[in-house]
Structure formats: structure tokens, C-alpha cells
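Trainee: Sequences listed follow chains V and E, in order.
One point on numbering: in UniProt numbering, the residue at position 73 of the first sequence is 73, and numbering is uninterrupted.
One point on numbering: in UniProt numbering, the residue at position 112 of the second sequence is 112, and numbering is uninterrupted.
Just so you know, the hints here were simulated from the structure itself, not pulled from any lab data.
Just so you know, even glycine gets a beta-carbon here, dropped at the ideal spot from N, CA and C.
Heads up, some of the hints might be wrong.
[Unchecked claim] Here are the simulated distance ranges between beta carbons:
id, chain 1, residue 1, chain 2, residue 2, range
1, V, GLU120, E, THR100, 41 to 49 Å
2, V, ASN145, E, ALA233, 39 to 47 Å
3, E, GLY249, V, HIS89, 51 to 59 Å
4, E, LEU7, V, GLU68, 51 to 59 Å
5, E, GLU136, V, GLU120, 45 to 53 Å
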Amino acid sequence: MERVLGLLSSTLSRALWSSGLSEQGAARQPRIMEEKALEVYDLIRTIRDPEKPNTLEELEVVTESCVEVQEINEEDYLVIIRFTPTVPHCSLATLIGLCLRVKLQRCLPFKHKLEIYISEGTHSTEEDINKQINDKERVAAAMENPNLREIVEQCVLEPD
Amino acid sequence: MKDSLVLVSRVPAHPDSRCWFLAWNPAGTLLASCGGDRRIRIWGTEGDSWICKSVISEGHQRTVRKVAWSPCGNYLASASFDATTCIWKKTQDDFECVTTLEGHENEVKSVAWAPSGNLLATCSRDKSVWVWEVDEEDEYECVSVLNSHTQDVKHVVWHPSQELLASASYDDTVKLYREEEDDWVCCATLEGHESTVWSLAFDPSGQRLASCSDDRTVRIWRQYLPGNEQGVACSGSDPSWKCICTLSGFHSRTIYDVAWCQLTGALATACGDDAIRVFEEDPSSDPQQPTFSLAAHSRQAHSQDVNCVAWNPKEPGLLASCSDDGEVAFWKYQRPEGL
Numbered sequence: 001m002e003r004v005l006g007l008l009s010s011t012l013s014r015a016l017w018s019s020g021l022s023e024q025g026a027a028r029q030p031r032i033m034e035e036k037a038l039e040v041y042d043l044i045r046t047i048r049d050p051e052k053p054n055t056l057e058e059l060e061v062v063t064e065s066c067v068e069v070q071e072i073n074e075e076d077y078l079v080i081i082r083f084t085p086t087v088p089h090c091s092l093a094t095l096i097g098l099c100l101r102v103k104l105q106r107c108l109p110f111k112h113k114l115e116i117y118i119s120e121g122t123h124s125t126e127e128d129i130n131k132q133i134n135d136k137e138r139v140a141a142a143m144e145n146p147n148l149r150e151i152v153e154q155c156v157l158e159p160d
Numbered sequence: 001m002k003d004s005l006v007l008v009s010r011v012p013a014h015p016d017s018r019c020w021f022l023a024w025n026p027a028g029t030l031l032a033s034c035g036g037d038r039r040i041r042i043w044g045t046e047g048d049s050w051i052c053k054s055v056i057s058e059g060h061q062r063t064v065r066k067v068a069w070s071p072c073g074n075y076l077a078s079a080s081f082d083a084t085t086c087i088w089k090k091t092q093d094d095f096e097c098v099t100t101l102e103g104h105e106n107e108v109k110s111v112a113w114a115p116s117g118n119l120l121a122t123c124s125r126d127k128s129v130w131v132w133e134v135d136e137e138d139e140y141e142c143v144s145v146l147n148s149h150t151q152d153v154k155h156v157v158w159h160p161s162q163e164l165l166a167s168a169s170y171d172d173t174v175k176l177y178r179e180e181e182d183d184w185v186c187c188a189t190l191e192g193h194e195s196t197v198w199s200l201a202f203d204p205s206g207q208r209l210a211s212c213s214d215d216r217t218v219r220i221w222r223q224y225l226p227g228n229e230q231g232v233a234c235s236g237s238d239p240s241w242k243c244i245c246t247l248s249g250f251h252s253r254t255i256y257d258v259a260w261c262q263l264t265g266a267l268a269t270a271c272g273d274d275a276i277r278v279f280e281e282d283p284s285s286d287p288q289q290p291t292f293s294l295a296a297h298s299r300q301a302h303s304q305d306v307n308c309v310a311w312n313p314k315e316p317g318l319l320a321s322c323s324d325d326g327e328v329a330f331w332k333y334q335r336p337e338g339l
């Protein structure tokens with residue numbers, strides 16, 4: 001319901017803007033960021049949890065508000081995701097981070113840089129996990145491990 | 001500043017993959033590239049163009065992370081995520097695998113030849129640095145396993161003239177090693193970076209070391225020998241290393257590589273913001289507290305992260321770069337006037 005309203009309001013503001021009734025410039029930026037954030041969220045909400053038969057959205061591991069998009073320059077965006085793991089299990093949190101990265105790397109159509117963090121205060125070793133999931137060399141090597149790769153592929157598979 | 005770094009050529013070196021690293025041969029005539037497609041490609045000029053002269057497609061089961069030429073130019077070493085390091089001998093038209101070095105527990109992140117050509121160093125996510133000795137019969141023997149780092153070791157580099165080895169790590173430090181009575185020991189630990197140190201480069205004299213990091217800074221360290229004029233304290237007979245300069249505020253994302261031109265002293269960086277930057281030391285600055293100025297900045301050098309920059313060892317100003325976008329680019333750098 002919230003999402004429908006969100007889309008409705010962005011359509012409305014776009015209509016207002018193009019009809020000249022809304023402020024350009026300053027008002028345009030947040031709307032674009034919101035749209036981009038929604039695009040990101042649409043891709044990550046269907047990712048399945050590695051352990052449970054639920055999506056990250058169903059388990060509230062990710063929410064709409066956990067995605068932030070900033071403009072770096074024309075056509076290039078910084079995407080920041082803060083996710084909340086369901087259990088304070090180190091390897092699971094790292095695995096979720098990996099799934100988020102792989103899904104967006106493959107499917108996000110606009111040019112972006114990605115930062116993924118565990119939301120503050122939800123894990124004892126969050127600094128360690130954050131460092132690992134943002135180290136692209138570690139991520140690349142992990143994805144060459146066939147067992148890990150298989151798990152990630154299963155989690156990011158698009159629902160039929 | 002815009003004209004001081006000019007694009008000469010761009011090649012799709014590792015299509016549909018990322019290009020991780022580049023190495024010029026000592027003669028400066030060939031460039032080796034390696035990447036996520038598990039291949040090594042050798043590039044050379046044909047007239048005005050850069051073309052692929054050889055491809056090494058067998059040898060590694062996973063990403064090839066780095067390559068390094070031997071000082072004589074006849075051998076190429078390759079470090080891979082498959083936990084091995086291959087040594088290739090250059091024949092007329094091809095490369096032949098001479099041996100495969102095994103032993104690391106997981107991904108090998110870097111390989112480097114000592115200037116003498118008799119020693120090789122490798123490092124890995126298993127936190128260790130290995131030193132290998134090679135004899136006249138192409139036999140390789142591991143002579144030391146160094147476990148000084150507490151995390152993944154990202155890069156190793158040898159001093160240009162001494163048998164001194166430096167390593168950079170995910171543990172945010174740089175370590176130096178030398179041989180002491182038939183064994184290799186860690187003789188210094190450089191602390192200061194606030195995150196992973198990705199790469200290292202010695203200056204032409206070997207007196208200074210540049211390091212680059214995920215903390216978005218480049219640090220310059222200087223070696224002080226015991227009894228030095230500046231009064232920098234040393235413990236015993238080991239030299240001390242002090243950070244004499246920090247370049248901060250120039251890079252907006254992780255700096256993956258730094259390269260110090262052995263011909264001109266110019267310092268180039270490869271950054272996760274898709275840009276290449278070149279710094280020059282201010283000629284009037286104090287050698288103990290040098291200052292560097294940004295001499296060139298190519299904002300969108302590549303369409304994705306730049307992973308490596310490499311100065312040609314014979315042609316001043318010729319710089320090669322590679323990126324996550326799979327491309328290798330060649331640049332001509334000219335020091336701007338008035339700098």
C-alpha cells in the first residue's frame with residue numbers, strides 16, 4: 001500500500017513539474033533519488049534469505065527506507081544500503097551482503113557505486129562484516145568458490 | 001591540467017570481465033594484462049596501434065590477479081585466486097609453463113621478482129608472505145613463510161636495489177622484511193592508514209615508499225638509517241620508517257594502485273572513482289617534509305573503477321591503466337609547465 005502511494009505521489013509530482021506548476025531544480029533532485037532508490041529496492045526485496053524460505057523483504061532484512069541514493073555526477077549514482085540481518089550470525093550476514101552486491105551488479109541499469117552496511121547496532125562484529133562485503137577483491141574471490149556461488153545464485157534467482 | 005594526460009589508445013583487453021593488473025616488461029616493449037577471465041594477454045605495438053601478441057589461456061582455474069616480469073625479461077609470473085603462482089618462460093612466439101608454485105592456502109594476491117632475479121615473493125589471503133629462491137636450473141624453492149600480518153595480504157613489492165621486501169595488507173599496515181642470518185624477518189611495520197592498504201611503490205632511489213589505501217589517501221614513507229642526521233630514532237641496526245607526507249582530499253573512493261615513475265619521479269594513482277591522477281613533488285619542498293601537487297586528473301579515465309596504473313620503464317610519460325570495465329588504456333603524460 002505504502003509503495004503504491006509512493007509511486008502515485010512521484011507520478012503526481014512529475015505531472016506537476018512538467019506542467020510548470022512545481023518548482024524545478026531543487027525539487028527535481030530528491031524525486032530522482034527517490035525513484036532510483038525505488039528501482040534498487042525493487043531488485044533487492046525479492047532476494048531470498050539463504051536459510052529461510054522467505055524474501056529479504058518478508059523478513060524485514062531490507063526495507064524501502066534502507067536504500068539511499070546520492071548523485072555523484074550526471075548519470076552516476078552512489079547507492080547505500082543498510083540491511084538488518086535476522087540473526088547475529090557472521091557468515092549469514094556476509095552472505096546476504098554478497099547477494100545484495102551480486103544482484104545489483106547484474107541488474108541495476110544505471111551507472112552506480114555501491115556501499116553495503118549492516119545497520120548500526122545490529123551485530124557485534126559489524127565493522128568486520130562491513131569491511132569484507134565492501135572489499136571487491138574479497139567479493140570476486142568468494143564468487144569463484146563454487147559452493148558459495150551456488151547459494152548466492154539460488155538466493156538472487158528471479159521469482160517465476 | 002586537462003592536457004597533461006592524453007589518451008593514446010584503448011583496447012578491450014578482457015571483454016565481459018574485469019582487468020585487474022598490468023606489467024611492462026623491462027625493455028618497455030610489451031605489456032602483460034590479466035583478469036577475471038583467467039587469461040593473460042601480452043600487448044605490443046604494430047605501427048601506431050597496440051595489438052594483442054599472445055594469449056595465455058591455460059594455467060589458471062580462477063582469476064589471475066597479478067603478473068610480474070623477471071628482471072631479465074624472459075619470464076613472467078602470474079598470481080591467481082586458484083592459490084597457485086605460475087612461472088612462464090617466453091619463447092619466440094609463445095609462453096611455456098615452467099613450473100607452478102603451490103603452498104598458499106587460498107587466493108594468491110600478488111607476486112614480485114627481486115632486482116637480482118634470484119628471488120620471488122608471493123602473498124595471499126592466508127595472511128602470509130612467501131619468499132622463493134630460484135636457481136640456474138629454473139628450480140624454485142620456498143625459503144621463508146612470513147606470518148607477520150594479521151589479515152589478507154594484498155600486495156608485495158621489492159626495493160629497486162636492495163633485498164628488502166614490502167607488503168601491504170587488509171590489516172591496514174605495511175610491513176618490511178629483510179634477510180637476517182639465513183632467515184627472513186619482519187624489520188618494520190608502518191602504521192597510519194585507517195583501512196586496507198592496496199598497493200605500494202618505491203621511488204627511483206628506494207629511499208621512499210608510497211602506499212595507497214581504502215582510506216582514500218596516499219602516504220609517503222621515508223627510510224631513516226641508524227645515526228641519521230635528522231635524529232629519527234632507530235631500534236638497533238634496523239632502519240626506521242616515518243610517514244613524511246599524506247595526500248588526502250584528492251580521491252573520492254578507494255585507491256587501488258600507486259605507481260612511481262622510475263624515470264621522472266611522477267606518482268600516478270588508480271582510483272575507484274574511475275579516475276587517474278598524477279602528482280609531482282614540488283621542487284622547492286623540504287625532502288623531510290615534501291609536498292606534492294596534482295599535475296593531471298583524468299576524471300573518467302575508464303567507465304568503472306581503475307585497478308592499476310603502470311609507467312613504461314623506458315619511455316618517459318607513457319602510462320598504461322586498466323579497469324573493471326575490462327579495458328586497458330594507454331596515456332601520454334607531460335608535466336604541466338609552471339609546476
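Trainee: Determine for every hint whether it applies to the structure shown.
Mentor: Going through the hints against the structure:
1. V:GLU120 - E:THR100: 41 to 49 Å: holds (45 Å)
2. V:ASN145 - E:ALA233: 39 to 47 Å: Holds - the Cβ-Cβ distance for ASN145 (chain V) and ALA233 (chain E), about 46 Å, lies within 39 to 47 Å.
3. E:GLY249 - V:HIS89: 51 to 59 Å: violated (39 Å)
4. E:LEU7 - V:GLU68: 51 to 59 Å: violated (34 Å)
5. E:GLU136 - V:GLU120: 45 to 53 Å: Check failed, 59 Å falls outside 45 to 53 Å.
Violated hints for the displayed structure, listed by number in ascending order: 3, 4 and 5.
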